[in-house]
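Heads up: the protein sequence lines correspond to chains A and B, in order. Quick note: the first sequence uses the numbering used here, first residue 9, plus one each step. Quick note: the second sequence uses the numbering used here, first residue 9, plus one each step.
Heads up, some of the hints might be wrong.
For identical chains, the list gives no copy identity; a pair is met inside one copy or between any two copies.
Stated by the list, open to error - Okay, derived cross-link-like pairs now, DSS-like style, lysine-lysine, Cα gap no bigger than 27 Å in a straight line: (1) 114 with 104; (2) 187 with 229; (3) 365 with 126; (4) 229 with 275; (5) 240 with 393; (6) 393 with 175; (7) 229 with 114; (8) 336 with 187; (9) 114 with 393; (10) 229 with 126.
In short, the hints are calculated from the structure, not lab data.
Read off the chains here:
There are 2 protein chains.
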Amino acid sequence: MNPTLEIFSQGEEIVTGQTVDTNATWLSQACMTMGFTVSRHTAVGDRLDELIALLKEISTRADCCICTGGLGPTSDDLTAEAASLAFSMPLQFDAKAFEQIANFFKNRGRTMPESNRKQAYLPSGALRIDNQWGTAPGFTLQYNRCRFVFLPGVPFEMQHLFNEFVKCFFERHYALNPKQLVTLKTIGIGESDIQTAIADITIPPEIQLGFRTGPDHIETKLLAPAQYPRHKLDVFIDTIKSRLGNYIFGINDDHNHCDDLPSTIDKMMRNQQRTAIFIETISQGLMTAKCAIGNDWLLETHYQCSPERLANRFAVSFGDMDLPNQAKKIANAARIQSSADLVLIQLYQKDNTLNDKDRYITIYNALLSSEGYWHTSHAIGGPVKRKQNQAALLALDLLRRYLQNIN
Amino acid sequence: MNPTLEIFSQGEEIVTGQTVDTNATWLSQACMTMGFTVSRHTAVGDRLDELIALLKEISTRADCCICTGGLGPTSDDLTAEAASLAFSMPLQFDAKAFEQIANFFKNRGRTMPESNRKQAYLPSGALRIDNQWGTAPGFTLQYNRCRFVFLPGVPFEMQHLFNEFVKCFFERHYALNPKQLVTLKTIGIGESDIQTAIADITIPPEIQLGFRTGPDHIETKLLAPAQYPRHKLDVFIDTIKSRLGNYIFGINDDHNHCDDLPSTIDKMMRNQQRTAIFIETISQGLMTAKCAIGNDWLLETHYQCSPERLANRFAVSFGDMDLPNQAKKIANAARIQSSADLVLIQLYQKDNTLNDKDRYITIYNALLSSEGYWHTSHAIGGPVKRKQNQAALLALDLLRRYLQNIN
Numbered sequence: 009m010n011p012t013l014e015i016f017s018q019g020e021e022i023v024t025g026q027t028v029d030t031n032a033t034w035l036s037q038a039c040m041t042m043g044f045t046v047s048r049h050t051a052v053g054d055r056l057d058e059l060i061a062l063l064k065e066i067s068t069r070a071d072c073c074i075c076t077g078g079l080g081p082t083s084d085d086l087t088a089e090a091a092s093l094a095f096s097m098p099l100q101f102d103a104k105a106f107e108q109i110a111n112f113f114k115n116r117g118r119t120m121p122e123s124n125r126k127q128a129y130l131p132s133g134a135l136r137i138d139n140q141w142g143t144a145p146g147f148t149l150q151y152n153r154c155r156f157v158f159l160p161g162v163p164f165e166m167q168h169l170f171n172e173f174v175k176c177f178f179e180r181h182y183a184l185n186p187k188q189l190v191t192l193k194t195i196g197i198g199e200s201d202i203q204t205a206i207a208d209i210t211i212p213p214e215i216q217l218g219f220r221t222g223p224d225h226i227e228t229k230l231l232a233p234a235q236y237p238r239h240k241l242d243v244f245i246d247t248i249k250s251r252l253g254n255y256i257f258g259i260n261d262d263h264n265h266c267d268d269l270p271s272t273i274d275k276m277m278r279n280q281q282r283t284a285i286f287i288e289t290i291s292q293g294l295m296t297a298k299c300a301i302g303n304d305w306l307l308e309t310h311y312q313c314s315p316e317r318l319a320n321r322f323a324v325s326f327g328d329m330d331l332p333n334q335a336k337k338i339a340n341a342a343r344i345q346s347s348a349d350l351v352l353i354q355l356y357q358k359d360n361t362l363n364d365k366d367r368y369i370t371i372y373n374a375l376l377s378s379e380g381y382w383h384t385s386h387a388i389g390g391p392v393k394r395k396q397n398q399a400a401l402l403a404l405d406l407l408r409r410y411l412q413n414i415n
Numbered sequence: 009m010n011p012t013l014e015i016f017s018q019g020e021e022i023v024t025g026q027t028v029d030t031n032a033t034w035l036s037q038a039c040m041t042m043g044f045t046v047s048r049h050t051a052v053g054d055r056l057d058e059l060i061a062l063l064k065e066i067s068t069r070a071d072c073c074i075c076t077g078g079l080g081p082t083s084d085d086l087t088a089e090a091a092s093l094a095f096s097m098p099l100q101f102d103a104k105a106f107e108q109i110a111n112f113f114k115n116r117g118r119t120m121p122e123s124n125r126k127q128a129y130l131p132s133g134a135l136r137i138d139n140q141w142g143t144a145p146g147f148t149l150q151y152n153r154c155r156f157v158f159l160p161g162v163p164f165e166m167q168h169l170f171n172e173f174v175k176c177f178f179e180r181h182y183a184l185n186p187k188q189l190v191t192l193k194t195i196g197i198g199e200s201d202i203q204t205a206i207a208d209i210t211i212p213p214e215i216q217l218g219f220r221t222g223p224d225h226i227e228t229k230l231l232a233p234a235q236y237p238r239h240k241l242d243v244f245i246d247t248i249k250s251r252l253g254n255y256i257f258g259i260n261d262d263h264n265h266c267d268d269l270p271s272t273i274d275k276m277m278r279n280q281q282r283t284a285i286f287i288e289t290i291s292q293g294l295m296t297a298k299c300a301i302g303n304d305w306l307l308e309t310h311y312q313c314s315p316e317r318l319a320n321r322f323a324v325s326f327g328d329m330d331l332p333n334q335a336k337k338i339a340n341a342a343r344i345q346s347s348a349d350l351v352l353i354q355l356y357q358k359d360n361t362l363n364d365k366d367r368y369i370t371i372y373n374a375l376l377s378s379e380g381y382w383h384t385s386h387a388i389g390g391p392v393k394r395k396q397n398q399a400a401l402l403a404l405d406l407l408r409r410y411l412q413n414i415n
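Isolated chain A (complex conformation) (with noise of 0.2 Å):
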């Protein structure tokens, strides 16, 4: 029987429904993986009562709690307060986690402001966890049957005292059976249409098929009991790699790694030693903004707000071209003009419906390289961010598809 594990969220910004509880969501995948059955998520606000008689409740219902937030400077931080009272550990000043905090203004060149004091006051009896990436440490205690973890509410600090602590604290702490997860990473296609080409695949009922649809990509995961023999989990595997095809541009397991497109984009780009030159319209920057930051393939990016100013900026004329022709005719000259290997280049027809969420607008890639020219188009839909989005990943997509070679 795996371990009972709840999320407890702190926050007036989540209750009230200013903020999404991401964390909740991230926590419960990484534990739910690491063996333990995820039960129950709670999130509550900034009240001290409530808190307490929730670590009550939870303390006899959970093997285990991670709880995010409310470790602050500011007054509305009691995260710390109310464990110490639920649990009855007075707080006491930790010299050690002073010192970190006073350190990590230091290093900024800052003077600490006198409220951040109160963070290195934890409950006594409690494990301080190391903070390097901000001035809240974590703690750890035991009570009633329950472990108790608390981490601090702000994304990337949680995220890495989860994954440099937490973790292998969990696997010394418990006997757990982490369950195998392969995850298939795709993009151009929707989360039906991926369901209803793997609908006839016949999965075992121990085996878990899962989806997860972000704003980049979807996530098609199979999750599996550790004792599940790989080879026969390979099977199942393959299978939906052969009905999703070009679709995937990676896949997440044991022995593989791929983050998102733009670091499986990355990684290519400095093996295959080439150079791009991007032209952006309405992904207005966002194509060049997601690669790898500072990366030495990128030469330039090139953005106008119009196709008059565009035309101009690589002294050619459009005439009445199609936007096929215009986009081929700056590829043509902007790779004349650079040094670079690969132009990638978008265009779209710029009206008024780009701001109208229910119009669907049409985007134009095209890529030309010394070997050849390849193209896409689109029709993107959805408030004006996603469209941004959309047109940014279909247009690095097409790269992607040109350096796996499976244009």
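Since chain A is already given, all that's left is putting chain B on it; use the hints.
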């Protein structure tokens, strides 16, 4: 005293982290604005005993509860059954609900699967909430002190049912006092420095002071009861404004609307009929990407991966100039080459510390107009994606200060 409201989300996909619970966020915002005190979010998976226990628990604790999910046709959709058992209200076949479900399929030319019949069984004594957007009717019932509203988990169905039924129902059943919320939005100053700056201002206990640190800006929030006199509230707002000064880029309340820094800039650029060009380095497209999409005032953006390429592009030579002088030289050349009123440029010393989250880099922003030349310099740290984001925002903030005439 505002009625308390809890959000209860049912679904294994939420508890295991496959899905981010955006329903809870959406409902919390909607209900808080209406005047409810949202006190807790809870999510549990597909276990009948847990669902029953939780419903009973909430019935004694909250005045109102909105439950989403678990109303589908499959065997793991247990919400109606759980409610019927928790509240001793046996499930009854609702002929009208069944007719609506059957019509939903008929209108789409599809045969109704037998499993959907289950969705027509509602707890006896519950009031049905018609669903024209899907097959799962919602329902509402009272138990103990709590009014429960059960809605389907599909976001757009849930939102339709809320907007078109639940909202009016709540307005009729509760004497709601929507609160006064004033939000001051700042950039360039940390949460603890804000706290220190306003620490000595005595705010009456009926006004709730809160902070929300987002990736792009920090919000200082004052939440006052509906009947609190606005002129008295304004005294505190004015005092906080005087302390935070030019760090405030916008204020949100009943009279003013401010989304974020880019939309504030967009409004001013359009009102003042100015045009600009951007020259980006470490922000790598993100300054441009953050601006209103398809705007006509940002004429062009240049990104070059190295100072050499940048100098080349603008036909200048740097010699052994420092960043401030390099920026001035390029800004002048760019202003002559383009027809833009304003040139916004950001430079930084590119070295191998960029990807080191513990190292700070120094960025240098400059703005050139016909009226003069302004510049700022900042040390920014953290993971590389955070550095990129901060760099983009701090450059845009120089433009904002220029447009607000507070350089």
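Hints versus structure:
Proximity of residue 114 and residue 104 under a CA criterion of 27 Å is satisfied intra-copy only: 15 Å inside one chain copy versus 69 Å between copies. For a Cα distance limit of 27 Å, the shortest separation of residue 187 from residue 229 inside one copy, 12 Å, qualifies, whereas the shortest one across copies, 43 Å, does not. For a Cα distance limit of 27 Å, the shortest separation of residue 365 from residue 126 across copies, 25 Å, qualifies, whereas the shortest one inside one copy, 46 Å, does not. Only within a single protomer do residue 229 and residue 275 lie at most 27 Å apart by alpha-carbon distance; the minimum there is 23 Å, versus 43 Å between protomers.
Taking the closest pair of Cα atoms, residue 240 and residue 393 never come within 27 Å of each other, the shortest separation being 42 Å inside a single copy and 39 Å across copies. In this homomeric assembly, residue 393 and residue 175 come within 27 Å of each other (Cα to Cα) only across copies, at 24 Å, whereas the closest approach inside a single copy is 36 Å. In this assembly of identical chains, residue 229 and residue 114 lie within 27 Å of each other by CA distance neither inside one copy nor across copies; the values are 44 Å within and 29 Å between. Neither within a single protomer nor between protomers do residue 336 and residue 187 lie at most 27 Å apart by alpha-carbon distance, with minima of 49 Å and 57 Å respectively.
For the homomeric pair residue 114 and residue 393, the shortest alpha-carbon distance between copies (23 Å) is at most 27 Å, but the shortest distance inside one copy (39 Å) is not. When the C-alpha separation of residue 229 and residue 126 is checked against a cutoff of 27 Å, the pair qualifies only between copies, where the shortest distance is 22 Å, while the shortest distance within a copy is 42 Å.
Going through the hint list in order, the structure does not satisfy hints 5, 7 and 8.
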